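Residue strings, one per chain:
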Amino acid sequence: MAAGKEIRAKIGSIKNTQKITSAMQMVAASKMRKAQDRMQASKPYAQRLRTVIGHLANANPDYRHLYLQEREVKRVGYIVVSTDRGLCGGLNINLFKKMSQEMKQWKEQNVEVAICAIGAKGTGFFKSRKANVVASIQSLGDKPEVRELIGGIKVMLDQYEAGEIDRLYVVYNDFISAMSYEPSVQQLLPLEHADDETAKRNSWDYIYEPDAEKLLNELMVRFIEAQVYQAVVDNNACEQSSRMLAMKAATDNAGNFINELNLKYNKARQAAITQELSEIVGGAAAV
Amino acid sequence: MANITVHCDIVSAEEAIFSGVAEVVVAEGISGSLGIMAGHEPLLTKLKPGPIKVRTLHNKEHVFYVEGGFLEVQPDSITVLADTALRVDDIDEKAALEAKERAEKAIAVHMQDHEFAELQIQLARALGQLRAVRDAKQ
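Each protein sequence line maps, in turn, to chains A and B.
First residue of the first sequence? That's 71 in the working numbering, and the numbers climb one at a time after it.
First residue of the second sequence? That's -4 in the working numbering, and the numbers climb one at a time after it.
Worth flagging that the hints you see were computed from the coordinates, not collected in a lab.
Source: prediction; values computed, not measured.
All C-beta atoms, glycine included, are put in the ideal place defined by N, C-alpha and C.
Don't take each hint at face value.
Non-contacting residues of chain A with respect to chain B, defined by C-beta distances greater than 12 angstroms in every case (computed) [claimed, not checked]:
1. Gly82
2. Lys85
3. Lys168
4. Glu330
Here are the computed distance ranges between Cβ atoms for each label pair [stated by the list, open to error]:
5. Arg141(A) x Glu36(B): 29 to 39 angstroms
6. Ile(-1)(B) x Ala319(A): 51 to 61 angstroms
7. Gly27(B) x Val143(A): 34 to 44 angstroms
8. Arg82(B) x Phe327(A): 49 to 59 angstroms
9. Ile116(B) x Glu215(A): 15 to 25 angstroms
10. Val291(A) x His109(B): 17 to 27 angstroms
Go ahead and model the full structure; you've got the sequences and the hints to work with.
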């Protein structure tokens, strides 16, 4: 019965693993709901801000803000949003693949890439690839706050203002539904013109209170922060939903595995009994 | 005749607090109080902590308290992007009064040091909330 005992031990250990994965699945499911709420709650603000900035880009101000000026691209900056923890399926890997493609394209054009990595996974990945990681933000937890992001964003904005990078993108997983998400790249700087027909182009300007420079500066920084924050909460919702799916798959697999092993165990037991019986019968006949 | 109503949105970083049609929106900009009606010139201003009054059709008035943020005006829309926004009913008047007194007392002590600015912000916040409550009662 040696084989039987081994199989039984294996079944026991898989059952334990299954318990863990199914618990993780449930935790992720409840966290996902919360993350989704957070995502929805902050969406209106980011959208409105985006519209305002869109109007602004279409206006014809006397004062042209640095963030609105297109310039020749020599170096680009990326803010890459990843997760802090693993066990969430292919979420990070897909994102990094997309990012690597982008980096390759820039490399072909002889453009350098600077990265601000949000999340431990991203930091690890890009550091091991010897990419130029200029800032990194980690352990945001399940409730990311704008405050925690400001430092990393400021590094990138300062570089942009100093002319060290000429474009800034944010890369994150866009939450489409609980079942689907997709890596997406969004340009933050310079700000792109909005395709809003209601605001006629280049024919008007705002009245600014206080002065344009001060106001725009604050507004732009706020906008960038809101966009990055939105990316982070989106990515967080993706992380939870992806983890939920991955853990569900793991739990199902464990179940299948256990069934198979049970079958094997029963067969082995049957075989052992049959063998014993035939030995006894054979022994009796010999006597 | 031009439209007499304008679409108004008030959003804070946490939630969308108001969205609808308004006749007049009264807000406290950084350089003074503003009353905005439909067809206003495009305007962009910072906001002081204080009340925002929205008069909708049939003379109904809604009062909100907003703190920090921006007001954008387009001829056909008004957008308030607040750092925080509260419905007036959610303001704790007593707490605001206490905060005001506390801040005033503390300011008298810390006239010169670095806490002064922080205290001023606290005071402005409390006063703004009280103004919003008063406006709502009128």
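Against the structure, the hints come out as follows:
no.	hint	verdict
1	Gly82	48 angstroms, holds
2	Lys85	44 angstroms, holds
3	Lys168	28 angstroms, holds
4	Glu330	50 angstroms, holds
5	Arg141(A) x Glu36(B): 29 to 39 angstroms	31 angstroms, holds
6	Ile(-1)(B) x Ala319(A): 51 to 61 angstroms	58 angstroms, holds
7	Gly27(B) x Val143(A): 34 to 44 angstroms	43 angstroms, holds
8	Arg82(B) x Phe327(A): 49 to 59 angstroms	55 angstroms, holds
9	Ile116(B) x Glu215(A): 15 to 25 angstroms	19 angstroms, holds
10	Val291(A) x His109(B): 17 to 27 angstroms	23 angstroms, holds
Checked against the numbered hints given earlier, this structure breaks none of them.
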